[in-house]
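Q: Spelled out, the chains give:
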Amino acid sequence: MSLTMKDLEQVLSLANLDVEPHEKEIYLDQLTNILEQMETLGKLDLEGVKPSAYACEHSTFLREDIVKQSAVSLEKNAPEWELNSFRVPKILAD
Amino acid sequence: MEFEPVIGIEVHAQLKTRTKLFCGCSTNSGEKRNSNVCPVCLGMPGALPVLNKKAVEYAVRAGLALNCTVKELSVFSRKNYFYPDLPKGYQISQFDLPVCENGSITIDVDNRKKTIGIQRIHMEEDAGKLIHQGSASIAGADYSLVDLNRACVPLIEIVSEPDIRSAREARVYVEALKLILQHTGVCDGNLEEGSLRADVNISIRPLGQEKLGTRAEVKNLNSFRSLERAATVEIERQKALIISGGKVVQQTRNWDDASQKTTALRSKEEAHDYRYFQEPDLIPLRLPVAMIREIKNSMPELPVKKMERYKADLGLNDFNSYQILVDCDMNRYFEECLLIKEDIEPSEICKWILGDLNALVKDGNSSFSECKVTPEKLITLVKLIKSGKISGKIAKEVIKKMYETGADPENIVKESGVEQISDTDMLQAAVDKVLAANPDVVLKIKAGKTNSANFLMGQVMRETRGQAQPDLVRKLILDTVNKG
Ligand SMILES: [Zn+2]
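Top to bottom, those sequences are chains X and Z. Residue 371 in the numbering used here sits at position 7 of the first sequence; the count goes up by one each step and never skips. Residue 515 in the numbering used here sits at position 239 of the second sequence; the count goes up by one each step and never skips.
Since the hints were derived computationally from the structure, they do not count as laboratory data. It should be emphasised that the depicted structure is a prediction, and the values quoted were computed from it without experimental measurement. A portion of the hints provided could be inaccurate.
[To be verified] If you want a taste of the chain Z side facing chain X, the calculated C-beta under 7 Å gives, among others:
1) Gly300
2) Cys314
3) Leu327
4) Ile414
5) Asp423
6) Arg426
7) Leu561
[What the hints assert, rightly or not] Keeping only pairs whose Cα atoms sit at most 30 Å apart, straight-line, the calculated DSSO-like set for lysine-lysine is:
8) Z:Lys389 <-> X:Lys414
9) Z:Lys364 <-> X:Lys440
10) Z:Lys572 <-> X:Lys454
11) Z:Lys690 <-> X:Lys440
12) X:Lys370 <-> Z:Lys523
13) Z:Lys389 <-> Z:Lys523
14) X:Lys454 <-> Z:Lys544
15) Z:Lys329 <-> X:Lys454
16) X:Lys454 <-> Z:Lys587
17) Z:Lys537 <-> X:Lys454
18) Z:Lys515 <-> X:Lys432
19) Z:Lys544 <-> X:Lys370
Glycine residues also receive a C-beta, built at the ideal position from the N, C-alpha and C atoms.
Assemble the whole structure, with the sequences as input and the hints as a guide.
A: What follows is the structure, encoded as structure tokens:
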């Protein structure tokens, strides 16, 4: 698998990152290197092996639907606090 | 050129759990702002989500009710975006492996059956609520306040196939979904209060064309009326746009009830804009077959089945069996009445619930669950009519008093002296008095004009202040005249 400059630019745009053109060449090279490491897997016989994103085969733990109040000191965690609410700046620009 | 609308609907339904999807905070958002929050739903570093079992059960229940395949393996993913109502900077949702897939429901659109495919149902957490300051809407606001009581409240998103072809069908589909979700106890289905939210994706294409047109998504639909209206308006907008040589752009549009228009909100995102990836803090959800079977076996009766039962077993007509079903609270009341009805006709109970009692409840801005006329008391009232103790007309007055005071119908009848007179001796005296005063009418009856007895009946009713049992009076009049 090889990464094209177009792929890299797409990833950079999705991640909202600004990168200088000469740096792009460096990153493309580095990323390609990492992806090539993965090619090792292609040498293995994976016939009948299910893809896994997790190393663990268990199911996630399920919690009973019982209310637990927790005390959090909100004011201390809020840069700005008003009327029991977190105050945030203007969302839409004029 | 003739156009065909193609509509798909995403419905978000809030699950009726006590606690949030990934933490033990209460789902009661009506309380003081930010009172039901904890490190998990606040998105504090290091806090880990733990999945609510009940939410999973409800999602599976909804899937089974909508004829879906329930997946033994499903996975949570992060949907990344920045917005002040989303404390973690991502929403935990399901993406490529949702809990239910491939369902369908059959709806009845003005007496025509139509099957709408359900593409998928996935679980996700709700975002918080923004209260804009300095202006009613986000545009023009000086700043905003964030309330996170609603953050992390469990939702299911039900995604339909683009099988819907008109604004009317769109409305009927969401109405049908609402009924199913309510009757399965999964969601209270309140469009006005937002526990059920429908986003309608609309595109149009020339009739006969296979390829789909560019779609726009319409949001902010707070009632079934606005949903149908908004879809109609959006279809017309797209038609006019295309006919005048324009192009529909993919975007999210906001419905405004006041102006009856949709306006552009933002360009519609693609999935890749959200940089989805599998949630590292939650391992996959594996549902044991036994658990799915258990949920299946404990499914409440679905509205379609219930309606069939009302028609076939209880003898209710189409209209009444639907009406007694649409209001869940009222339906529960009716079912409770059925349990204790003894020899009372279900249609008679249904008539009182849909008629007088419903009017009282609506007028009082109340609900059947808090109604002072309990099912037991209503049955007693209907029994009083059936046994001839009171007339149907008097019963209408009695039920009003019952509604106001919560008193027993028997006590009301005794205290107000409205009990129907069915004592023959007492009535005979009144009949004799009326006959003696109207010899000319008696002659007419003797001559075969039995209709004239109606006049005498009226007189007897007046004598007895309307409390005589009409059938008995009529019989007494005719018997006395014929004997004399
Ligand atoms: Zn919490």
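Q: All hints, please: hold or fail.
A: Structure-based check of each hint:
The criterion of a C-beta within 7 Å of any C-beta in chain X is met by Gly300 (chain Z), whose closest approach is roughly 3 Å, and the hint holds. The criterion of a C-beta within 7 Å of any C-beta in chain X is met by Cys314 (chain Z), whose closest approach is roughly 4 Å, and the hint holds. For Leu327 (chain Z), the interface hint holds, the least distance from its beta-carbon to any beta-carbon of chain X being 5 Å, beneath 7 Å. Among the interface hints, the one on Ile414 (chain Z) holds; its C-beta lies about 6 Å from the nearest C-beta in chain X, closer than the 7 Å criterion.
Of the supplied interface hints, the one on Asp423 (chain Z) holds, with its beta-carbon coming within about 6 Å of a beta-carbon of chain X, less than 7 Å. Interface hint at Arg426 (chain Z): violated, since its Cβ lies 13 Å from the closest Cβ of chain X, which is beyond the 7 Å cut-off. Look at Leu561 (chain Z): its Cβ gets to within about 5 Å of chain X, closer than 7 Å, so that hint holds up. With a C-alpha separation of about 42 Å, the suggested pair Lys389 (chain Z) and Lys414 (chain X) falls outside the 30 Å cut-off, and the hint is violated.
The hinted pair formed by Lys364 (chain Z) and Lys440 (chain X) meets the criterion: a straight-line CA distance of about 18 Å does not exceed 30 Å. Simply put, Lys572 (chain Z) and Lys454 (chain X) have alpha-carbon atoms about 48 Å apart, too far for the 30 Å limit, and the pair is violated. For the given pair, Lys690 (chain Z) sits about 66 Å from Lys440 (chain X) by alpha-carbon distance, which is inconsistent with the 30 Å threshold. About 28 Å separates the Cα atoms of Lys370 (chain X) and Lys523 (chain Z), which keeps this hinted pair within 30 Å; it holds.
Annotation: proposed proximity of Lys389 (chain Z) to Lys523 (chain Z) is violated, straight-line Cα distance about 34 Å (limit 30 Å). The suggested pairing of Lys454 (chain X) with Lys544 (chain Z) holds, with an alpha-carbon distance near 22 Å, which does not exceed 30 Å. Restraint check for Lys329 (chain Z) and Lys454 (chain X): not satisfied, since their Cα atoms lie roughly 38 Å apart, outside the 30 Å limit. Only pairs whose Cα atoms come within 30 Å are accepted, and Lys454 (chain X) paired with Lys587 (chain Z) is rejected, the gap being roughly 57 Å.
Only pairs whose Cα atoms come within 30 Å are accepted, and Lys537 (chain Z) paired with Lys454 (chain X) is accepted, the gap being roughly 26 Å. Our distance criterion of 30 Å between C-alpha atoms is broken by Lys515 (chain Z) and Lys432 (chain X), whose separation comes to about 53 Å. For the hint pairing Lys544 (chain Z) with Lys370 (chain X), the CA-to-CA distance comes to about 23 Å; that is within 30 Å, so the pair holds.
In the structure shown, a violation is registered for the earlier hints numbered 6, 8, 10, 11, 13, 15, 16, 18, in ascending order.
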